[in-house]
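Which chain is which? The protein sequence lines are W and H, in order. Going by our numbering, the first residue of the first sequence is number 1, and it counts up by one from there. Going by our numbering, the first residue of the second sequence is number 1, and it counts up by one from there.
These are calculated hints, taken from the structure and not from any lab test. Just so you know, these numbers come straight off a predicted model, no measurement behind them. Glycine included, each C-beta is placed from N, C-alpha and C at the ideal position. Be aware that one or more of the hints could be misleading.
[To be verified] Facing chain H, a subset of chain W residues (Cβ under 8 Å, in silico):
(1) G19
(2) R113
(3) I126
(4) G130
(5) A145
(6) S201
(7) D204
(8) H223
(9) D231
(10) M235
Single-letter residue listing:
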Amino acid sequence: MHTRNTTRNIGVAPLRKAGDDGKLYTRPPAIEAKLAELLDTPREELATRCTIRSRSDPGFIATECLLHLVRATRQDNDERWFEQLFTELVRRILRTLPRPQQETEGLVGADIREGVLGRFQELLSIDRNGYCERLDFFEVRFNSALKTLRIGVERKAFRAASRRSDLEHPETGELRADVEAAVGCHNPFEDDTDLDPAYRSRVDAAIARLPPEQREIIEMLKHGIPIESKDPDMMTIVRALGCVEKTVRNRRDRAFEILRRLMKGDEA
Amino acid sequence: MKRGSAARSEADVLEAFAMEAEHNRETLERYLRAYPEHASALCQLSFELTRTDSEERELGDDDELLVAKAWSDRVVADSQVVNPLQALSGPEKRRVAVGLGVKLQVLTLFREGRIKVSSVPVSVLKDFARLLGSKVEALNRGLSVPALSQARSYKADGKPNVEQQISFERALRESGASDDEIARLTGDL
Chain W
1 MHTRNTTRNI GVAPLRKAGD DGKLYTRPPA IEAKLAELLD TPREELATRC TIRSRSDPGF
61 IATECLLHLV RATRQDNDER WFEQLFTELV RRILRTLPRP QQETEGLVGA DIREGVLGRF
121 QELLSIDRNG YCERLDFFEV RFNSALKTLR IGVERKAFRA ASRRSDLEHP ETGELRADVE
181 AAVGCHNPFE DDTDLDPAYR SRVDAAIARL PPEQREIIEM LKHGIPIESK DPDMMTIVRA
241 LGCVEKTVRN RRDRAFEILR RLMKGDEA
Chain H
1 MKRGSAARSE ADVLEAFAME AEHNRETLER YLRAYPEHAS ALCQLSFELT RTDSEERELG
61 DDDELLVAKA WSDRVVADSQ VVNPLQALSG PEKRRVAVGL GVKLQVLTLF REGRIKVSSV
121 PVSVLKDFAR LLGSKVEALN RGLSVPALSQ ARSYKADGKP NVEQQISFER ALRESGASDD
181 EIARLTGDL
C-alpha cells in the first residue's frame, strides 16, 4: 500500500538521451533502486532528508535522485514542494563552486557561480517546458555533469576576458629572460606514484589554481603524455595543443614554479 | 565514441568524455586524437574528473541570497513561454516526427512557431504532448512562440508574426505528405 502524499504516481521514467553507442543513458543501479524507495517515501520525510549532507548517513539523498525529484515536479502542482527541492538542489550546486570572493587569473568566483547557476536554470526551463536531454547526464553522474557545465562557463569567461599574462612576450609566447632564470625545470610529478593521498589532494588543489593553459599541460604530463616525440603516431602535448615546443615548455616551467610557490605557502 | 565527427560541439564531446567508464591516459589520448579542436577543454575536464581534493565548501549569507534569487528567477521563468522543441536533439526530433507521422520539416516549422496551433487537431496535440512528456496546455502555449536562437535567454526571440503563420494542413502539404496522410492527421477521415 502506498503511503499518502508520496511521489509514486509519477514513477521512475527511463532516461531518453542516447549515448555514442546508440544506447539510452541508464542511471546507476544504486540510484535507480534508491529512487524506487524514495517514490514511496512521504514528502515531509523527503524534505528533511534532502538537507542531510553526510553521504554515510542512511537517510542521505544523492543529488542525482534530488534532481529526478525536481524534474518530476513538472507533473505536479505543489509549488511549495518544488521550492523545497529546488532550493536544496541549488545549495548543493553552490557548495561545489568557487567562493564568491575567490579570484583566479581574472575569473571572479561570483561570476562563475552565477554563470553556472544561470546555465543550469536554462536547462531546467527547457525541461519544464518539454524535456531537456542534457539533464539526463546530470541524473546519471551529477557531479561530472556539473563540472562539464562549469568548464564551459569558465572557458567562455576566459575568452571574454582575453587575458594574457604580462610575463609572456605578446608574439612569441616566450618567457622573459629574468623569469626564465628564476624558474627551475623540476617536474613535481616525476615521483608521484607513491604520493600520500593527503599530499596529492593538496597538489590537486594547487593545480586547480593554475591558469587553464598551464593546467592542461600539467594534466597531460600527469598522464604521462610526452611534450614531443619523433614517433609520428605518438600523441604528444605539442600535437594535442598545436603549439610549438618552446611554448609548451615555457608554460610547463611557469606552472611548476607557481605550484612550488603554492605548495610552499600551503606548508607555511 | 563517434569517429570523424569534427562538427560535434564542445559540450557534446565533453559529455561523452565524462560518460566514459575510465579517465586514464588511453581515454584522454583517444579523445585528443578524435577531437583535436577540443583538446584544451578535454584536458580541463580530465583534471576536474580525477582531482582528489575536497570539492565542497560551506555556504555563506551571500550564497543564501543567491538561492533566494534563483528561486525567484525560477518562478519568473516558469511563467514565461518556451518552445518545447527548443532542446530536442536530432535523434529525439526524429523519434517525435515518427511518432506523430510527420516529416522533420513539419517539426522545424513547429519549432519556429510558424504553424497556427489552433489549426492542429486536439488528437494530434495530445499525441505530441505525450511524445514530449508535456501537457497539452503547455504545448499550446509553447508552440505559439519560436524557439530561442541560442539557449542563453529565458525569453523567446520574439512573438511570431501571425501573418507568417500557416495552417497545419498547409505545413503537411508543403512537406510532401500524401493526401491520405493529411486526411488522417487533420481528422478528415
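How the hints compare with the structure:
1. The beta carbon of G19(W) is positioned within 8 Å of a beta carbon in chain H (closest approach about 6 Å), and the interface hint is therefore held.
2. Below 8 Å, beta-carbon pairs count as interface contacts, and R113(W) has one with chain H at about 7 Å; its hint therefore holds.
3. The interface hint given for I126(W) holds, since its Cβ lies 4 Å from the closest Cβ of chain H, which is under the 8 Å cut-off.
4. Of the supplied interface hints, the one on G130(W) holds, with its beta-carbon coming within about 3 Å of a beta-carbon of chain H, less than 8 Å.
5. A distance limit of 8 Å between C-beta atoms decides the matter here; for A145(W) the minimum to chain H is near 7 Å, and the interface restraint holds.
6. A hinted interface residue such as S201(W) counts as satisfied when its beta carbon comes closer than 8 Å to some beta carbon of chain H; here the least separation is about 4 Å, so the hint holds.
7. Because the beta carbon of D204(W) sits about 4 Å from the nearest beta carbon in chain H, less than 8 Å, this interface hint is met.
8. This hint holds: H223(W) has a C-beta 4 Å from the nearest C-beta of chain H, less than the 8 Å allowed.
9. Restraint check, D231(W) versus chain H: the minimum CB separation of about 13 Å is more than 8 Å; hint violated.
10. Evaluation of the M235(W) hint against chain H yields a held restraint, the C-beta minimum of about 5 Å falling below 8 Å.
Consistency note: the structure conflicts with earlier hint 9 alone.
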